[in-house]
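Colleague: So you can see what is in the structure, the chains are spelled out below.
2 protein chains.
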Amino acid sequence: MAIPLPVMVSSLKGQVSIAFPSKKPAPPPLLCQKSQAELEILKLATRRKVITRVLSERNEFMASIITDLNIEEEQEMEEIEEEMRAKTESDNNERRIAESWRKIHGEDDWIGMLDPMDPLLRFELIRYGEMAQACYDGFDFDPFSKYCGSCRFNRRRFFERLGMTSLGYEVSRYIYATSNINLPNFFMTSRWPKVWSRNANWIGYVAVSNDETSVRLGRRDITIAWRGTVTRLEWIADLMDYLRPVSSDKIPCPDPSVKVESGFLDVYTDKNKNCRFCKYSAREQILTEVRRLIQQYPNEELSITITGHSLGAALAVLSAYDIVETGLNLTEDGRSVPVNVFSFSGPRVGNLRFKERLEGLGVKVLRVVNVHDTVTKVPGLFFNEHVPEFLQKMADGLPWCYSHVGVELALDHKNSPFLKDTNDPTNFHNLEAHLHLLDGYHGKGKRFVLSTKRDIALVNKAADFLKDHHLVPPFWRQDENKGMVRNYEGRWVQPERPKLDDHISANWF
Amino acid sequence: MAIPLPVMVSSLKGQVSIAFPSKKPAPPPLLCQKSQAELEILKLATRRKVITRVLSERNEFMASIITDLNIEEEQEMEEIEEEMRAKTESDNNERRIAESWRKIHGEDDWIGMLDPMDPLLRFELIRYGEMAQACYDGFDFDPFSKYCGSCRFNRRRFFERLGMTSLGYEVSRYIYATSNINLPNFFMTSRWPKVWSRNANWIGYVAVSNDETSVRLGRRDITIAWRGTVTRLEWIADLMDYLRPVSSDKIPCPDPSVKVESGFLDVYTDKNKNCRFCKYSAREQILTEVRRLIQQYPNEELSITITGHSLGAALAVLSAYDIVETGLNLTEDGRSVPVNVFSFSGPRVGNLRFKERLEGLGVKVLRVVNVHDTVTKVPGLFFNEHVPEFLQKMADGLPWCYSHVGVELALDHKNSPFLKDTNDPTNFHNLEAHLHLLDGYHGKGKRFVLSTKRDIALVNKAADFLKDHHLVPPFWRQDENKGMVRNYEGRWVQPERPKLDDHISANWF
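If you're matching them up, the sequences are chains A and B in order. Under this note's numbering, think of the first position of the first sequence as 39, with each following residue one higher. Under this note's numbering, think of the first position of the second sequence as 39, with each following residue one higher.
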């Protein structure tokens, strides 16, 4: 049997003693035998010990950071070369954007740019698609969150929190809509009693390119991005299939036969006087903001690019039309700021007269769709732009004859070898899947080849669409512990958000 | 109209120029106009710029850490007082544990300690319950993970990663079982083709108290914790309700009428020669480890405490019996190390003869149950310890007469005002709910009052059981992005685990 060796036994009270391990370890000294003075000393000793521990932990932490940083530095240097190559390529793209942005923006109705697919247009479509996707990634749709229905991030750090700093835009305003309307399956409400708002939902944002990006883009770009539905398609069932004149909702159109789907008009124009987030309608919020921004950059070349997915695509078309119809895109010196829409998986919005009026006003719409998606077939499943025009004209008095607008870029998810065969219509409608399809699209009948290094894992962020062998879990985008954090007491709580929004006033008219 | 002010325009190529904003921003210089030498200079400039940016980001990062640390320091100092008070209280508890651990360990069959509930016993039951809970919190049960069925953490950092460093134990061995047996609904397998193992599941661990903790506990404690089922109760349906002599599986029992449920015996003794994780059975793994540990601490007071929840509780009882039956708890100098089980929501394990043999060998079992839980009523729903003893003896030849062992501590979730009224049997069976019930339990018919600051939010970690007004989301324990991380290329991937385990060999016999 081994001879017992002395071991250092350090008790919690800061004392260190030498003990010989015996059958039973020595009991620690009893507190009750100490005098008050000794107690005070013990207290101080403990205090010192805790501080020492804290400091030592800090030092270790700092040391580990420095080590990490050194390793990172080497890697970073190696990556610089690669980065420079990519930068040169992307710079070339960007310089070409500065030169040809008007064509990309639809000046010539994208004639000759879709087949074969123009690489610059693809690049830009993905970029704006990612700005629409940001509306989903930033949205708090957890019904068990106190902030369900709001944006998860502060406006000023929106792109930063989404890892999109390199985009070079700043969010200038968040857009809210009132949820008390006829599309109950579109809006999210918290199940908790105490919530940030019972009436409002965050529905998008207005962003502006910063100085550096504006140089690269050849103009100062104002982007409006509209959020769609989170994953479910139930909201389609809520569409009333009922057209209403836009002029009935104070959009100043001289022609009362210009009509759009009643539900979209509701989301766009409804408000709630008692809610600080939606006492102005979404319409009023964006018109106010667009006017403010146009006045802020009086001597610059400007563009207005509106994007959105699903119901957000409908709002993109509607708001683009409204901005031009209202004449808000005219500068003080009489220039007309071009307004364009890049829409993804959008439903039909209005009737044939709406389409004619919109296009007559010079609003350019490029609609990216997946041919298997049902959402782009509603409303107006039977009476639509495919019906002979004389019939459309005849049916124009009827409330259910809809027409798509602009130019369509039709993709087909069955062409991507990365996607699995599913029957889930939410997959066909998924925005990330569309961006993946764009990345591989080179023209009708052309082979699907990814043209950038765009990460295919993004497809499964909120879907189960990638083939299994890519080893990407379905629906993988989630917060650690549903956003719960430990507070100073060590308890798990939902953190408060210090400030929900900071500019909800200001009226445009 | 305002006079345009000059602005600094810095292009991506590291040049800074002064420009007057005009209607159209100045186009960036064209790369093709540069000579090769200029290109090299540009390259170097970019490199310098990137490094400068990296360094500046680092400095900002370090500065922000230092600020954070200063704020933390103040808070920490404030918390020291509170910590000291808590420490004193917990020290007092611990000193009393060192003095009375044999009673808590069941020396006197917990007579007089359960009603009213002994605070020290409650403290210890929660502590061991949390060690059983760690088997769930550490388990990778995501079928889309490459490591599904394994432990999420490296053995050496197990408690650290679970925020349980203050427990003062070290995991000395992980336990694996083969999943190719008759309890298909118990084991988890990955849906991916490439996995860490097709045959093994991590099923628990052996841990030892460190020197400091051993002083506090009054002995060196060897804890074995067994994992149960993740949330579903389907595995109950797989129980064959068939008793098998333990001696048939080489547990050296002289009495062939000592029988246990066949399924539990399978999990405990089956192995798979072709798998590096389960080429030894769970039984062989723990017996090897227990023998090694007893030899490692030859001159110390020791205890063996076995804990587990659900099926883990059955394995706890079975392994406790086995260790004593095999004589593994005897030291070289002839002392007998006390073996005890703290089980949670455990089913019946064996027949009356098993119970008699186990108790005759001096194994002390305290079973914490919720009276509404069905799992503790199986197997042996009809023939069990409630049947008159003569009938049990008569039925002893039959394969379906089971008996609970040890002492029961019956809790009732309906007594907790924090829990909502549900009909979900998985809630009644949930381990975190049991720990919450223990915290408020003071004796039969006594009012439910939480005795510690134990966080009630833990109840909803993997359940929907707390009343809504506590604002704790159901099933909130989850990894950020399902464990996906961005690799050096910026792609989202499942990270590889550098080393799955480090001691799978060593045979005990």
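Check the hints yourself; a few may be wrong.
Remember, identical chains collapse to one label, so a pair may be satisfied in a single copy or spanning two.
[To be verified] Simulated crosslink set (DSSO-like; lysine-lysine; CA at most 30 Å straight-line):
1) Lys520 - Lys184
2) Lys141 - Lys482
3) Lys520 - Lys505
4) Lys317 - Lys288
5) Lys288 - Lys520
6) Lys491 - Lys288
7) Lys452 - Lys484
8) Lys458 - Lys184
9) Lys482 - Lys415
10) Lys491 - Lys184
11) Lys184 - Lys505
12) Lys184 - Lys452
13) Lys452 - Lys520
14) Lys484 - Lys458
15) Lys309 - Lys415
16) Lys520 - Lys458
17) Lys317 - Lys141
18) Lys491 - Lys141
19) Lys505 - Lys87
20) Lys491 - Lys87
21) Lys458 - Lys309
22) Lys288 - Lys458
23) Lys288 - Lys415
No lab work stands behind these hints, which were simulated from the structure alone. Note that this is a predicted model, so its numbers are computed, not measured.
Colleague: Run every hint past the structure and note whether it holds.
Modeller: Evaluation of the provided hints:
Taking the shortest Cα distances, lysine 520 and lysine 184 sit within 30 Å of each other both inside one copy (12 Å) and across copies (23 Å). For the identical chains of this complex, lysine 141 and lysine 482 are intra-copy neighbours only, at 21 Å inside a copy versus 80 Å across copies, given an alpha-carbon limit of 30 Å. For a Cα distance limit of 30 Å, the shortest separation of lysine 520 from lysine 505 qualifies both inside one copy, at 27 Å, and across copies, at 18 Å. Taking CA atoms no more than 30 Å apart as the test, lysine 317 paired with lysine 288 passes inside one copy only; the shortest distance there is 17 Å, against 77 Å between copies.
In this assembly of identical chains, lysine 288 and lysine 520 lie within 30 Å of each other by CA distance neither inside one copy nor across copies; the values are 42 Å within and 47 Å between. For a Cα distance limit of 30 Å, the shortest separation of lysine 491 from lysine 288 qualifies neither inside one copy, at 46 Å, nor across copies, at 58 Å. In this assembly of identical chains, the alpha carbons of lysine 452 and lysine 484 lie at most 30 Å apart only when taken from the same copy (13 Å versus 65 Å across copies). In the homo-oligomer, the alpha carbons of lysine 458 and lysine 184 lie at most 30 Å apart only across protomers (19 Å), although the nearest pairing inside one protomer, at 36 Å, exceeds that limit.
Taking the shortest Cα distances, lysine 482 and lysine 415 sit within 30 Å of each other inside one copy (21 Å), while across copies they are farther apart (65 Å). In this assembly of identical chains, lysine 491 and lysine 184 lie within 30 Å of each other by CA distance solely across copies; the values are 24 Å between and 38 Å within a copy. In this assembly of identical chains, lysine 184 and lysine 505 lie within 30 Å of each other by CA distance solely across copies; the values are 15 Å between and 36 Å within a copy. In the homo-oligomer, the alpha carbons of lysine 184 and lysine 452 lie at most 30 Å apart only across protomers (27 Å), although the nearest pairing inside one protomer, at 40 Å, exceeds that limit.
Taking CA atoms no more than 30 Å apart as the test, lysine 452 paired with lysine 520 passes between copies only; the shortest distance there is 27 Å, against 34 Å inside one copy. When the C-alpha separation of lysine 484 and lysine 458 is checked against a cutoff of 30 Å, the pair qualifies only within one copy, where the shortest distance is 20 Å, while the shortest distance between copies is 58 Å. For the homomeric pair lysine 309 and lysine 415, the shortest alpha-carbon distance inside one copy (29 Å) is at most 30 Å, but the shortest distance between copies (57 Å) is not. Taking CA atoms no more than 30 Å apart as the test, lysine 520 paired with lysine 458 passes in both settings, with 29 Å inside one copy and 21 Å between copies.
For the identical chains of this complex, lysine 317 and lysine 141 are neighbours neither inside a copy (38 Å) nor across copies (67 Å), given an alpha-carbon limit of 30 Å. Taking identical chains as interchangeable, the C-alpha atoms of lysine 491 and lysine 141 lie at most 30 Å apart only when both belong to the same chain, with a minimum of 25 Å there against 65 Å between chains. In this homomeric assembly, lysine 505 and lysine 87 never come within 30 Å of each other (Cα to Cα): the closest approach is 55 Å inside a single copy and 41 Å across copies. Taking the shortest alpha-carbon separations for lysine 491 and lysine 87, only the inter-copy value of 25 Å comes in at or below 30 Å, while the best intra-copy value is 52 Å.
Taking the shortest Cα distances, lysine 458 and lysine 309 never come within 30 Å of each other, neither inside one copy (42 Å) nor across copies (37 Å). Taking the shortest Cα distances, lysine 288 and lysine 458 never come within 30 Å of each other, neither inside one copy (47 Å) nor across copies (49 Å). In this assembly of identical chains, lysine 288 and lysine 415 lie within 30 Å of each other by CA distance solely inside one copy; the values are 28 Å within and 69 Å between copies.
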